[in-house]
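Q: Okay, here's what each chain looks like letter by letter:
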Amino acid sequence: MPVTVRLPGALRDVTGGETKLTASGATLREVIADIDHRHPGFAARVLDPSGGIRSYVNVYIGEDDARARGGSGALVPDGSEVMVIPAMAGGR
Amino acid sequence: MRLVLPRNLRDEIVAHAREAAPQECCGLLLGEDEVVRRVLRCRNVHPTPETRYVIDQAQVFDAFRESRDFDRELVAIYHSHPRSPAYPSPTDRAEAQWPEAGYVLISLRAESPEIYAYRIGEKSVREIPLVEE
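Top line first, the protein sequences correspond to chains A and B. The numbers in the numbering used here rise by one with no breaks, and the one at position 57 of the first sequence is 57. For the numbering used here, add 1000 to where a residue sits in the second sequence, where the first one is 1.
Since the hints were derived computationally from the structure, they do not count as laboratory data. A virtual CB, placed ideally from N, CA and C, is assigned to each residue, including glycine. Treat the hints with care, since some could be wrong.
What the hints assert, rightly or not - Some chain A residues near chain B, calculated using beta-carbon distances under 7 Å:
no. : residue
1   : P8
2   : N58
3   : Y60
4   : G91
As the list claims (entries may be wrong) - Some, not all, of what chain B presents toward chain A, calculated at C-beta under 10 Å:
no. : residue
5   : P1049
6   : V1060
7   : F1061
8   : P1088
9   : D1092
10  : E1100
To be verified - The calculated label-pair distances, taken between Cβ atoms and stated as ranges, are:
no. : chain 1 : residue 1 : chain 2 : residue 2 : range
11  : B       : A1110     : A       : L75       : 50 to 58 Å
12  : A       : L75       : B       : F1061     : 14 to 22 Å
13  : B       : D1011     : A       : E63       : 33 to 41 Å
14  : B       : E1111     : A       : R12       : 40 to 48 Å
Can you build the whole structure from these sequences, using the hints too?
A: Dropping the structure here:
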C-alpha cells in the first residue's frame, strides 16, 4: 500500500505544483527517493548531503517527528501519512 | 497584493512583541488569502532568542495538520526585532522558506512600534502594503 505525502505550498515549486502525493518505500529515505525520481530536486530540499533530514526541515510520519524514529532511516508503515514542513525561522 | 491586518490584531502582535522583549516573539497570522482573522502566538525555541527565532515545530505541525487548506489559511508569519528595523535581516532572508506567505516584522527600536509586511523570495524582498481593512 502506498503512503501519502503532504506538503505545504512552500515546497510545491519542486513537485510541479502538487501538495499531496502518493509514494512507496519502506523507509523515509526510500519514500523521498521515490518522489525525487518523479520530481528531481525534491530530495535535496528535504535531505542534507549526508542523507540526514535537513536542519530547517521537519518531517512527520503520522503523529511522530521522524527524527525521533531514526531520521531518514525511519520505517514508514504502509498507508502512513508523511508530512514535510519547512521550519519558520530567522532573526535580527 | 496587500495584507489586511485589523487594528485589534495589530495591537495583539505588538503586545506579544513587548511581552517577549528583549527576546524576539514569533507567531502565525491566520485567516484567508490576504486577510488576517486571528493571531496564533508561538513559542520561540531558538537557543538565542534575543537575536533569532524558530517557531516551535509542534505548533506549526498542529496548525498544518488541522487546517483544511493551510496554504490559504497561512496569511503571514510574524516576528519581532526588539532593537533593529522592521526589515528582513540577512538571517531572515537566508532562512525564509515560505515564499507564498507574508512576513510581518515588528520593530520596537522606537517608542512607537513599526510594522511592515514583505514577501521574501529566494533572491528578493518586496514590501507589501499593510492595511487595516
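Q: Out of the numbered hints, which ones does the structure contradict?
A: none
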